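In order, the protein sequences belong to chains A and B. Throughout the first sequence, residue numbering follows my numbering, covering 1 to 149 in sequence. Throughout the second sequence, residue numbering follows my numbering, covering 1001 to 1287 in sequence.
These aren't lab readings, by the way, just hints derived from the structure by calculation. Please read these numbers as outputs of a predicted model, since none were measured by experiment. None of the hints are false.
With a straight-line Cα cutoff of 27 Å, these simulated DSSO-like cross-link-like pairs (lysine-lysine) come out:
(1) B:LYS1095 to B:LYS1188
(2) B:LYS1162 to B:LYS1247
(3) A:LYS98 to A:LYS73
(4) A:LYS98 to A:LYS133
(5) A:LYS119 to A:LYS55
(6) B:LYS1095 to A:LYS99
(7) B:LYS1162 to B:LYS1284
(8) B:LYS1251 to A:LYS55
(9) A:LYS68 to A:LYS99
(10) B:LYS1114 to B:LYS1263
(11) B:LYS1150 to B:LYS1263
(12) A:LYS125 to B:LYS1150
(13) A:LYS119 to B:LYS1284
(14) B:LYS1284 to B:LYS1150
(15) B:LYS1251 to A:LYS73
(16) A:LYS119 to B:LYS1150
(17) B:LYS1114 to B:LYS1284
(18) A:LYS125 to A:LYS73
(19) B:LYS1150 to B:LYS1268
(20) A:LYS99 to A:LYS73
(21) B:LYS1247 to A:LYS55
(22) B:LYS1251 to B:LYS1263
(23) B:LYS1188 to A:LYS29
(24) B:LYS1263 to B:LYS1247
(25) A:LYS98 to A:LYS55
(26) A:LYS55 to A:LYS68
(27) B:LYS1263 to A:LYS119
(28) A:LYS55 to B:LYS1095
(29) B:LYS1114 to A:LYS119
(30) B:LYS1095 to A:LYS98
(31) A:LYS133 to A:LYS73
(32) A:LYS125 to A:LYS99
(33) B:LYS1251 to A:LYS68
Selected chain A positions facing chain B (in silico; Cβ < 7 Å):
(34) LEU13
(35) TYR34
(36) TYR37
(37) SER76
What the simulated footprint calls covered on chain A by chain B, stretch by stretch (three residues with Cβ under 8 Å from a Cβ of chain B suffice, anywhere in the stretch; the number is not a length):
(38) 4 to 12
(39) 16 to 25
(40) 42 to 54
Beta carbons: idealized from backbone N, C-alpha and C, even for Gly.
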Amino acid sequence: MPPQINRLVVLTLAIVGAYFAARAVLRPKSFGEYGWYRGDSLRELTALTVTYAGKAACADCHGELVEKMSQSKHRSIACESCHGANGEHAESPAITPKKITPPQFCLRCHQANPARPEKFPQVDKAEHFGEDKCTDCHQPHSPTDAPKK
Amino acid sequence: MNTHLINRRQAIGGLGKVLGGMAAIIHFHPCPAIAENALAPGPKKSVSSNTPPSPAAAQSLPNYDPTAHDWTMAIDVEKCIGCGLCVEACKQENKVIRQPFYFRTWIERYVIRKPEAGSSEMRGETVVDSPNGGMDGFPPSAVPPSEILKAFFVPKLCNHCKDSPCIQSCPVGATFDTPDGVVLVDPKYCIGCGFCIQACPYGCRFLNPVTRTAEKCTLCYHRITRGLNPACVEVCPTSARFFGDLKDPVKAEPLRRFVSEHKVQVLKPHLGTHPKLLYAGLDKEVR
Chain A
1 MPPQINRLVV LTLAIVGAYF AARAVLRPKS FGEYGWYRGD SLRELTALTV TYAGKAACAD
61 CHGELVEKMS QSKHRSIACE SCHGANGEHA ESPAITPKKI TPPQFCLRCH QANPARPEKF
121 PQVDKAEHFG EDKCTDCHQP HSPTDAPKK
Chain B
1001 MNTHLINRRQ AIGGLGKVLG GMAAIIHFHP CPAIAENALA PGPKKSVSSN TPPSPAAAQS
1061 LPNYDPTAHD WTMAIDVEKC IGCGLCVEAC KQENKVIRQP FYFRTWIERY VIRKPEAGSS
1121 EMRGETVVDS PNGGMDGFPP SAVPPSEILK AFFVPKLCNH CKDSPCIQSC PVGATFDTPD
1181 GVVLVDPKYC IGCGFCIQAC PYGCRFLNPV TRTAEKCTLC YHRITRGLNP ACVEVCPTSA
1241 RFFGDLKDPV KAEPLRRFVS EHKVQVLKPH LGTHPKLLYA GLDKEVR
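Chain A with its partners taken away, still in its complex shape (with noise of 0.2 Å):
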């Protein structure tokens, strides 16, 4: 073969080569497990650690109020809504949650608002009931309810 020729294929041999081997150096291992990325970095965002702890969680110790929250008005909120994140609290119930306090956060829902759905019950605090609190009249768990004295 020609000199010239045979330059050619060593030269393109090389950047062949020199691209083969550079893949198989930086491309990670679990590259195209699942698609064009790394199917590790599906596994590190699973890896984050839950705040949340979720309701399921919470009736594992107290079922009794998730169930009497499940016939009430309330039902379909969380208790993380009101509660705040407690996954700490489920994983060590040394770790108290810490306290809500109403009215400010009963209005957060209930306040009057005009771009609130029109069914949904909302009030004016000063109309309502003034400087009162909520729980004197409405059991957060059982709004319906008469409130515990």
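Based on these hints, arrange chain B on the given structure of chain A.
For chain B alone, kept in the frame of chain A given last:
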């Protein structure tokens, strides 16, 4: 005068032969460890530690097969009360930066004014606001109640498009859609160029100022792979958000019922992104 031991031609030729030989060893040798050692003498981690599967990551998907699920979310706009619990939950669950402008989900308030007196229009100007993403609730609107024709809240999040502009625009392949129908970002690949942020027609992405990588809703991928609902769905007090697995007849049931009972639509259908996020009760003003 040639002062070098070998000339340039010989050097290039020799280099080519060495590289070709190495490539052949790596590509055809049955034992990858030998190939790696041949290429990388010395501490192996210098080249091959690109993405070692960490023990925590390996254990975190014990019984989860991404190909066996298909996650979808639907939102009933008529149920949203704008309490902002979803925004708060998202920030806490995903450790999103607690400043305005960084939201993986947020709530918009649409206030449509009455038409001006004597005008032949059906409706007046539309005012959209989202104070701190709606995280602290909504103060009274700038439009006085007497001038409001109608008003409503619209929760927003990543639409998890089937044909995502963000995936197409990413120059390094850092964003992708998973077999279970979630659009995700690989922060180790993301170079923070911001193309995807500009490409997203729904404004669902932002650049994390700390990591300098693009960030977005993951549908709480770490929760759904453990059988939990996404945080926003979990805390929504009015069940305005529905979430389900279309490949699981039991978990898909609430979604299927929702779709059969409502007239559902997607945002910006004319763009052909085919969002997976469904909305019921949208007004024409919602973009």
